[in-house]
Amino acid sequence: MTEVFSATVIIGILTSGIRLATPYLYAAIGETFGQRSGVLNLGVDGQMLLGAFAAFYVAFTTENLWLGLLAAMIVGALMGLGMAYVTVNLHAEQGISGIGFYLFGLGMSELLFKMLLGTVETVKGFPITPVPLLSKIPVIGEIFFQQNILVYGAFLLVPIAWFILNKTTLGLKIRSVGENPEAADSLGVSVARVRYFTIILGGTLSGLAGASMSIALLNVFQQNMTSGLGFIAVALVYFGAWRAWGVLAGALLFSMVNSMQLWMQVLNIPIPSDIAVMLPYILTIIVLVATVSRVRAPSALTKPFDRGH
Amino acid sequence: MTDNKLPSGHTRIDTLEMRGITKRFPGVIANNKVDFNVRSGEVHALLGENGAGKSTLMKVLYGMYGPEEGEIFLNGNQITIESPTDSINQGIGMIHQHFMLVETLTVAENVALGLPSSRGFLTDLDKVSERILELADIYGLQIDPDAYIWQLSVGQQQRVEIIKALYRGAALLILDEPTAVLTPQEVDEFFVIMRQMVADGHALIFISHKLHEIMDICDRVTVLRDGELVGTKIIKEITKSELANWMVGREVSMTRELEDVERGEARLVLDHVSCDSDRGTPALRDVSINVYAGEILGLAGISGNGQRELAEAVTGLRPVTKGRVLLEDEDVTHFRPGEVTERMLSYIPEERMKDGMIKDFSISENMVLREHHISPFAEKGFLMLKNIAEHTDSMIQKFRVKTPSRETKAGSLSGGNIQKVVLAREISRNPRVLLAAQPTRGLDVGATEYVHAQLLEQRKNGTAIMMVSEDLDEVMALSDRIAVICEGEIMGIVPRDEATPQKLGLMMAGESGEE
Amino acid sequence: GGAAAPEEVMEEKPMEEEAMDEMAEPFKVAIIMPSSITDLAFSQSMFDALLAVQEEMGGEKAMEIVYSEGMFVVDDAAAAIRDYASEGFNLVIAHGSQYGSSLQEIAPDFPETSFAWGTTLNTFDMDNIFAYEADAHEGGYVNGVIAASLSETGVIGVVGPIEAGDAALYVKGFVAGAEATNPDITVNVNWIGSFSDVALASEAANTHVAAGADVLTGTAQMVVGAVGVAEENGALWFGTQASQTSLAPDVVVANQVYDWSVALDEMLALIAEGTYGGEAYTITLENGGLLMDYNGGYELPEDVKAAADAAVAGIIDGSIVVPVE
Amino acid sequence: MRSRLNSLFDSLLPVLATFAALAVGAVMLIILRVNPAEAYGALWEGAFGSTNAMAETLVKATPLLLVGLGICIAFRASVINIGGEGQMIIGGILATQVGLTFTEAPGWLVIILAIFAGFIGGAIWGGIPGLLKAYFRVNEILSTVMMNAIAVQLMNFLLRGPMIDPAQAEKASKIPQTARLLDAFRLPRLAPTRLHVGFLIAIVLAIVVYILLWRTTLGYRIRAVGQNPHASRYGGIRVRRRIVTALLLSGALAGLAGAIQVYGVNYRMITDGSASGFTGSAGFNGIVAALFGQLHPIGTIPAAIFFGALLVGANKMQRVVQIPSALIIALNGLIVVFVVSSAIWRKRRQRRRVSVENDEENTLPPDLGANVPSPEEAQIS
Ligand SMILES: Nc1ncnc2c1ncn2[C@@H]1O[C@H](COP(=O)(O)OP(=O)(O)OP(=O)(O)O)[C@@H](O)[C@H]1O
Ligand SMILES: Nc1ncnc2c1ncn2[C@@H]1O[C@H](COP(=O)(O)OP(=O)(O)OP(=O)(O)O)[C@@H](O)[C@H]1O
Ligand SMILES: [Mg+2]
Ligand SMILES: [Mg+2]
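Protein chains in written order, with our numbering: chain A, 32 to 340; chain B, -10 to 504; chain C, 2 to 326; chain D, 14 to 394.
One thing to keep in mind: the hints can contain errors.
[What the hints assert, rightly or not] Simulated coverage check for chain B against chain D, where a stretch passes if three residues somewhere in it have a Cβ under 8 Å from a Cβ of chain D:
#1 40 to 46
#2 121 to 133
#3 155 to 166
#4 418 to 429
[As the list claims (entries may be wrong)] Lysine-lysine pairs mimicking PhoX-like chemistry, simulated, CA-CA at most 20 Å apart:
#5 A:Lys334 - D:Lys360
#6 B:Lys311 - A:Lys334
#7 B:Lys348 - D:Lys360
#8 A:Lys334 - B:Lys348
#9 B:Lys398 - A:Lys334
#10 B:Lys199 - B:Lys222
#11 B:Lys398 - D:Lys360
#12 C:Lys29 - C:Lys62
#13 A:Lys198 - B:Lys116
Keep in mind the hints are simulated off the structure, nothing from the lab. In this text the structure is predicted, and so the values were computed from the model without any measurement. All residues carry an ideal CB built from backbone N, CA and C; glycine is no exception.
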């Protein structure tokens, strides 16, 4: 029995770790863009919920998953637009407006769910799409290449985000706006435009994060189905020290430990379930302590930019 | 129409005129109906005391501040400038008094920021680096394009600012105190660049508190006082002392005689001290210096050669890796900054905005940064606000800090007035040992004179003073002895009467001054 | 025989019925729920029962129902309870064991108002508090019996929120039923530490599947995602609290459905008599408060159905005692 | 007179913003076929309509204020404490344990001990992220979010096991709750409502925190560290210790809020598996209250009451017009966004006002100092 388990367990932990990491990746990479440009968005969870609902509802009524995906992105982008207007134009305190948007998304998604659906329904979500050839590789193929398309998307996002942030002029602008908006502004970089871009992008990706749950991984919508996942995603940005790869490491660590604790319970390892559930949180902190990072937050994070006074 | 193009391809700005500019800040009118104009082929000096409104006027021109009133005309046509993007598009560039650099980016990235890239969406940092090296070569500004800004000394950062401006090749360039942190040699090289640019048809606006620089390079000068225009004159028609007089409203004496003061015991002893830089590389190598009561020891050197680290090692801000620091015979090598402070060591840090004061604190709060916890400013853990207020008021008066009130946020003061707050705090405690890094950088002539007087006063009182400065004139004018530092090593210590600019210059460049 | 009670009461008390009609004052019920009325679980089970009772009594004219959902903040619930009571509601139901303390506090101030709470049997010895509870382990046991009979791999997975209360009770019953049917069966239980984390619940189900489970069950509102996982992997699903058949018509075998109307009917009868509380009700298989709801779309083998029926009968007649300690 | 009117307008600004948000909410209500007037009438009624309503509002405001005070301290040190939920829980647990342990002791003593225990519990839960930040550079947003989750699970574990009500331990359906505290241990009530002395404690603490931040050297240091750690270190301030102090105090106040919730409202700990069942999300909403109060302890008092009123009134509104609770949550979100956005008008007005006043000043004789020659001292002029 135990022999069978060891291989199964490892594959199991990795596969479900990867699935669990998916929404975190979308949301946390989106948040990374925002924070790199100096905006802390605590409303991620709300954006995810509204995105999840939009995706689900559109997919449910039109039976077209891609339309659902689009809907989630649009809704996320709109939430981002609101956040951008409030923080960039109105200089509202970022943390608190994020909480406001979180509450709005939390409530609105449930309200719409009640009005439009009334009860929990299911959709046929994105199916598992094995990657040709790669999925045939033993073990690895099973873990990485037999997932649904939104899972692949999340992991592809990491190198893309890294590339945009570090290799493009846009990335240069984003980084400088988050670090020293006065300097960027003095060189003709529009701080507002850059921040609008990153916040809306962040919202779009949060919407996708929600969609990855409601029409790819779980295929249901329920009120508050993210249960604070968006806040963990924000925390993971700090774990990853505002680097795409770091965020990936954080998301994987957190998710893997989470799936490991599920396995621990299944394997009857005698620790109380509550303590097992704590593990991902504790380990995330311990790893950070062990790998003392010297990177500091973008200097302008949470600071509104106001030229001319 | 090629003759209104500059070599860089920009369209020349024949005339630029600002009319009736008014800009207010809470409690201050920084510019009050100021007229100003500059034309192609001239260096136009903008002169005025600290807080006169020079930077503000230039920031209005550059689009960083929106003025309440006023108009701007370019080549006779009225233009609107609402953001730096507008001014950049009009061919205006600016080197800022407080650097506009992104610390976490490299030099090349800072230069490339905001510019179109030859690779479209992708950055072309290799190309930019190449061009930076070219420019550095042409203008004698040594700089490593791949270095991060936070790794650079203030002087090096100033060079990056200059390169940034050169790289962009504006038709009208505003230079807000670019020479404040350059060495005399660098200033000379910089003037060569400026002359070249003027000859090419650029228009330059130059702000500096060093009158000889203005006499040297400028064609016309406009003087501001308290936000008001005093007037504009042609440099050739005015002398340096007239200029000082005109600006301050009275005579200013620039040369000083050192009074004879009995040299006392060695108050500060550095005994074979080594320490590392922020980057983890050795910054100080085996430095041994004594500073005696009643003397001013000048520490000359090009910025970035370990001066900052030396001061921080002494003040407990930076761990000492080898050797000992003795303060009045007490070993303070591994003391915390607070413990060093308690032993009456004062330190005027070079980067005062970052290290020396808290921008969002009021002037009074900044005034007691070091002594907020001791009598008379605190009793039993409670702040004595009345005493703090009285002390601050007297400091504001004594040092003539230009501010609406003592409750004004320190960060909203003009560059020079920020300095005064720090100086007032450090000097007024009558320290046993005073470390002063670039104490007069950015101060107007009147203020410089006052600070010098204060330093000499302290010297007379028996304080041991170490003055770190790149300004050789200043070092030679005030120091009893001059130590020269290069790459973290002391090249030698020269008595005042043996010091010549040539000799010091050679030592600063790394030649040993052993006698 | 609980179901017949209200009619008897009505017959015995024609005077009161008349009086009610004259004033046209409907019977006013308020309910406070931690989750939402559409959670396909605990909260919905009570709300549906209320609607059923309302229907039975003659619609909105006879009975007015108001609700406060999403009252997970105990303190807010307390305010709601007090508020309803002071507004003259006849029956205030605090549908969550976390509300007990508040009720104990408030009830003495409103002797004319009837309160009910669950799941518990504790009326605090007050004569205006009813208590109610579901013997969730009974249906759990029956589900377990069927599950063990249908499992081919011999591994069953359970997804629960936190190991306490109603959920713990159901799981204990389920495990007992499965083990009684097949002593060699492995029942893996995963407590995910949350009532709302749909993602983790469904990943727990995935874990069970990967560990070889071909039959799954789970309790509380966050399992909706787990049902989908069962469906995707062709594993069978057993629901509880409310019917979850609609979520995965192909794989849901059976649900234990709570029908609180049994308890409600009795409470209403007593209230009509002027007894405002002091009684505790348990819905069980025996009294019809717990119903085994089979998915018509799933063809349950005859012998398994027979075993299930035997379990139900055994529990009702007492020959099977579900161990819950 | 004009300045009086101005500051009146400023203090009314959040209220106006709230009205604006409610107007948007009215549209949603109309869509839901609910009469907004009736709904908002109920909201007002629920928050301020009676003595009881007002008492409920203040009861609700109490933990918001306490957490908010902690947030004032932390944010002034530039430490973003999102760990209020966890800190409240641990404070609540420790305080409860005191009441369960010392059943023989006099009530006043147990209450004092419990408040102290809550303080300590929160301090521990805030201090850990503080230490992690100061000495291991672990970002506090991350650690406090994680610590919240850990606290919830710890609470679930304790209430299911070691601390479970002995009466529940014997039952099949073990409700995860502690035994109820003795009646003697309850916080005394003010008036015959649910309002308890915890509210007064919070008000007093607001003044204490104000004094701490602006009248003591410790407060000076905390603020200095928050504004500029470099300059603070240079000024002799022990930066890392002050970061720990700030988070510790912040956590302690949240822990105190937890203790007061137990002894003033719930009289026991009980878990529904999440944090908010116990905290009512005060750990989060306290942040909002503090920021509404502009991170000023005294400003946080009306802000907490305002927010408390909103929460209490919204619940009443849900009851009266029977709308889904979700609408209330969404509406709260809107109000938060609107109020926080309205701050810009206050800032703009302040700026305009100062320059106008400055104009007036300029008609006065110019500053004396500028004209007085001082030949003796070579003064800067
Ligand atoms: N952002 C600001 N907010 C408020 N007041 C300001 C601001 N910038 C400048 N001021 C005020 O405006 C006045 C003019 O400042 P400015 O920086 O233009 O002086 P300056 O002539 O450049 O002086 P310095 O030689 O010291 O650099 C000063 O009194 C200063 O306090
Ligand atoms: N921002 C910083 N950058 C570099 N080094 C630092 C910084 N902050 C602290 N240190 C190092 O840590 C030492 C202690 O710093 P500080 O006095 O601020 O901490 P503290 O509050 O005294 O903490 P403790 O005494 O518990 O170590 C300093 O001497 C310095 O070496
Ligand atoms: Mg200036
Ligand atoms: Mg220390």
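Hints versus structure:
1. Only residues whose C-beta sits within less than 8 Å of a C-beta in chain D count toward coverage, and the region 40 to 46 of chain B has 0 of them, not enough to reach three; the restraint is violated.
2. Only residues whose C-beta sits within less than 8 Å of a C-beta in chain D count toward coverage, and the region 121 to 133 of chain B has 0 of them, not enough to reach three; the restraint is violated.
3. Counting residues of the region 155 to 166 of chain B whose CB lies closer than 8 Å to any CB of chain D gives 0, so the stated coverage by that chain is violated, three being the minimum.
4. Here's how the region 418 to 429 of chain B fares: 0 of its residues keep a CB closer than 8 Å to some CB of chain D, so the rule of at least three is not met and the hint is violated.
5. With a C-alpha separation of about 15 Å, the suggested pair Lys334 of chain A and Lys360 of chain D falls inside the 20 Å cut-off, and the hint holds.
6. For a cut-off of 20 Å, the pair hint linking Lys311 of chain B to Lys334 of chain A is broken: about 41 Å separates their Cα positions.
7. Our distance criterion of 20 Å between C-alpha atoms is met by Lys348 of chain B and Lys360 of chain D, whose separation comes to about 19 Å.
8. Taken as a hint, the Lys334 of chain A and Lys348 of chain B pair is honoured in the structure, with Cα atoms around 14 Å apart against an allowance of 20 Å.
9. With a C-alpha separation of about 17 Å, the suggested pair Lys398 of chain B and Lys334 of chain A falls inside the 20 Å cut-off, and the hint holds.
10. Restraint check: the Cα-Cα separation between Lys199 of chain B and Lys222 of chain B comes to about 17 Å, which is no more than 20 Å; the hinted pair holds.
11. For the proposed pair Lys398 of chain B and Lys360 of chain D, the alpha carbon gap of about 16 Å is at most 20 Å, so the pair holds.
12. Distance check on the hinted pair: Lys29 of chain C and Lys62 of chain C sit about 10 Å apart at the alpha-carbon level, within 20 Å; holds.
13. With a C-alpha separation of about 14 Å, the suggested pair Lys198 of chain A and Lys116 of chain B falls inside the 20 Å cut-off, and the hint holds.
The structure does not agree with the numbered hints 1, 2, 3, 4, 6 stated previously, though it agrees with the rest.
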